[in-house]
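Visitor: Go ahead and model the full structure; you've got the sequences and the hints to work with.
Taking our numbering, the leading residue of the sequence shown gets 2, the next gets one more, and so forth.
Just so you know, nobody snuck in bad clues.
Simulated restraints on C-beta separations:
1) Ala-80 to Glu-39: 19 to 25 Å
2) Asp-83 to Glu-139: 19 to 25 Å
3) Arg-107 to Glu-37: 33 to 39 Å
Worth flagging that the hints you see were computed from the coordinates, not collected in a lab. Where a beta carbon is used, it is the ideal one built from N, C-alpha and C, also for glycine.
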Amino acid sequence: MSDSSIPRDSSRSIIRNGVITADDWVHVADEAAIPETEPAIVSMARWQRERDALISRDQPVGIRVPAHLDPAELADDVARLDLIAVDIERFGDGRLFTLARLLRSRLGFEGEMRACGAVHPDQVFYMKRVGFNAFELESPARLQAALRALQAFTVCYQGADDDLPLYRYR
2 MSDSSIPRDS SRSIIRNGVI TADDWVHVAD EAAIPETEPA IVSMARWQRE RDALISRDQP
62 VGIRVPAHLD PAELADDVAR LDLIAVDIER FGDGRLFTLA RLLRSRLGFE GEMRACGAVH
122 PDQVFYMKRV GFNAFELESP ARLQAALRAL QAFTVCYQGA DDDLPLYRYR
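Guide: Have a look at this one:
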């Protein structure tokens, strides 16, 4: 994929399902008005305060959660959410892998699982394996590197949320 495949507004580009695409979601600050005509990502605190109003919108709604969140806190809400954005505060925090895996496998979340914040290209392959399907990098210039990293390996031995591991083919 060439750099010309990045949409013109690369400041709002993400990787979704293995493709660089324009981000159609808006991150909304707690004190800001929620746009009526666009999908919105709100904080966990705002979701808890305004759940009913957010659910009744005509647009999709997502929440932004910290990587250290106990997934049980979302058990009653996963069916109502179109997107869960996991905010990665620092590169070495591995709790995001557990959170994503549990949201997908135990709670059955089927919407967009987005990694945002301190997302590094060399981690996206492993993030995808536990259930992330979208990546919002702080630096749009790193989108191509992250896209290449998603395709770094063709076969995996360990089981995960993605396709069958190598040992299951026997």
